[in-house]
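> Chains A and B are the protein sequences, given in the same order.
So the first sequence is numbered by our numbering: it starts at 733 and just counts up by one.
So the second sequence is numbered by our numbering: it starts at 733 and just counts up by one.
No wet-lab data here; the hints were simulated from the structure.
Everything hinted at is true.
One copy or any two copies: either way a pair holds, since identical chains are not told apart in the list.
Straight-line alpha carbon distances no greater than 25 Å define the calculated BS3-like cross-link-like pairs of lysine-lysine that follow:
#1 K949 to K913
#2 K1057 to K764
#3 K816 to K740
#4 K784 to K1108
Protein chains: 2
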Amino acid sequence: MDYHELLKSLAEKTDSKIVLLVSDGIGGLPQKPGGLTELETAKTPNLDALAKIGVQGLSTPILPGITPGSGPGHLGLFGYDPLKFIIGRGALEASGIGFEMKETDIAIRCNFCTTDVAGNITDRRAGRIPSDESAKVVKKLKVIKIPGVEIFVEPVKEHRFVVVFRAEGLGDAVADTDPQKTGVPVLAPIPHEGCAASKKTAEIAKEFHKQAVAILKDEPKANNHTMRGFARKPNMPSYEELYCLKAACIAVYPMYKGLASFAGMSLLGNAATLEEEIDVLEKEWNNYDFFFVHWKYTDSRGEDGNFDAKVAMVEELDKVVPRIKKLIDSTPGSALVVTGDHSTPATMASHSFHPVPTLIVSDLARTDEQEHYGEKYALFGGLGQFEAQYIMSLALAHSGKLGKFGA
Amino acid sequence: MDYHELLKSLAEKTDSKIVLLVSDGIGGLPQKPGGLTELETAKTPNLDALAKIGVQGLSTPILPGITPGSGPGHLGLFGYDPLKFIIGRGALEASGIGFEMKETDIAIRCNFCTTDVAGNITDRRAGRIPSDESAKVVKKLKVIKIPGVEIFVEPVKEHRFVVVFRAEGLGDAVADTDPQKTGVPVLAPIPHEGCAASKKTAEIAKEFHKQAVAILKDEPKANNHTMRGFARKPNMPSYEELYCLKAACIAVYPMYKGLASFAGMSLLGNAATLEEEIDVLEKEWNNYDFFFVHWKYTDSRGEDGNFDAKVAMVEELDKVVPRIKKLIDSTPGSALVVTGDHSTPATMASHSFHPVPTLIVSDLARTDEQEHYGEKYALFGGLGQFEAQYIMSLALAHSGKLGKFGA
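Here chain A stands alone, though its shape is the one from the complex:
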């Protein structure tokens, strides 16, 4: 019996609620050995109040030493083993722009590139063509027609765009056409040997590329394109199926909405700020069992390498905590989880492998002695160190939603 089978067999419908509050990249590093991290530096009276009545620990997103991207990072938080449920690059990119994939779709991440008269690549990213220019070029590609296939072409950012082929019987085992170097032509899309479904996809991709090159021939920079990460929608059991949860996502950025939709969560509202996200949470409180609330900017400022700005984003988060706590208190037996999908230390200006402080507030928490929320407190917290995928079983348990295993 694996983790999912176990949870499926134990999950019970109750009136209690779960809020999974994800502060993206919240874990960090001190600026010098023995110093304070961003989270430890921030003034967080409301999170600290939760630490006093809750239990915390350090969650490892994937495995010790492994730095996750946003995809695997969130899958772990949602209770999916990120080494088992792999989201193909094309599907992740499609989810990132909020494109709703169907089971039979094949999504491909494409890059505009520049080729010379001989057809050899001179710039793999078409001079990082600005997003507004790129969007206009993408629009031109929307006229491409291939019999028997519904085709979607959507801009992403700068030189990147997404192509989705919708038809029955398409495979995703097709090699990238990006040769990863200049001075050579764009590669042909080669299907995995012996896979008829992928051969069909490769033929469609070839025809798409042929028509695209004809349309793009007079573009000064984006006169060609590569295709990478041919992928289906990931085949994941839903929150309803796994945990008996009617689940919802409240996020600003499309990628996180896409990831949540793979888990079968409803995408709520159209919030642009954290305050607005909490407005949606309040409004929808009675309509769902589980809410994934995503706060992006702790990660963004970490990625910028701006320690103080990340501290400020933690303090922003702290301000909305009382509103969430009030909701939790309004529904007996509910649980609040505060965590991140990974660390993003400002000193590294990137995602990192360091474990993430994770805090659970619930009447059922075995409280520890920690009075603040942060890395050095979490190290001595009651949850110990554990794999992030167990956050879901802990959340379900702390909201009284799991029956006893065995008699």
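For this one, chain A is given, so just place chain B on it according to the hints.
For chain B alone, kept in the frame of chain A given last:
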């Protein structure tokens, strides 16, 4: 996707270095409840200085409660799941004397024994015949010839020697010929039913034993021998393949060199002392990405049951730490790991199952509050408690050698 597949997909070549400093059996026990362990007793100003700027934790060699031999202990440290990669006793013994096995070889651990006129064993270890006497007897066995097989016979220590058969198509599923008791004859080598390759090995073994008994008939003690642990060279992916690392081993004892060679490490120098090992490290610093440096005597004195002598061996280790630290500092982004393959408490005079204090020094370490290196400090260190096989992913991560998993 498993651990090795994951690391393989993420490993990147960089200029940074990793030093894995293994103090064999370094973990210990206090002499009375509440006392200090050997490591905690030792004066280790240099290791303590590392503890202040690094992060430590307790690694479990195999699983909680499991005491490893040197083979599985080191495999874990090298990042191989010791429950998946099993080194047969014959191959381990061959590696222990520095014998370089080929893929097709079958190695066998042999014991001289004494039999009476009726052919029944009277002493399973031939009176623990001294090594110099034993080596002379082993030499006599070198004349044994079997058509189509290259045969190697090498002394080990006292009554123990190694036999290696080199030929195509040999299997290793052959039962031991040691009956594990006296008063009965040496058993025939029985192959696993239905395995033609192992039948071939058994026939060669039978012929070897027949010729050996004829040669040994006038020996006063070593007039017969048993054969145990028929084994091939373990089939392990190399460090280059798994981690993109050009790896080297600096060790004094043959067994550790053998274990390292199974992982594809180059065996460097011919050091006889710890200072000489560090000389080799300095000399070869620019030629490799990864160095496994082995210090034997913490284990040896633990096995002797000599608490104070083990303390002294820890202090010996501490003395060379500044030389290693200087090298680490000379190459930006490098990481030093200090650990052991298992504990060897002097109070037990044997290997034990207790977790091992493990310390990582790197610019990327999330420093903890520990100011000393030792069991009771590691317990509250930032790495928590973890399986020893993750030391490799942590080492790679702390030296910036792992890319991001997923986007």
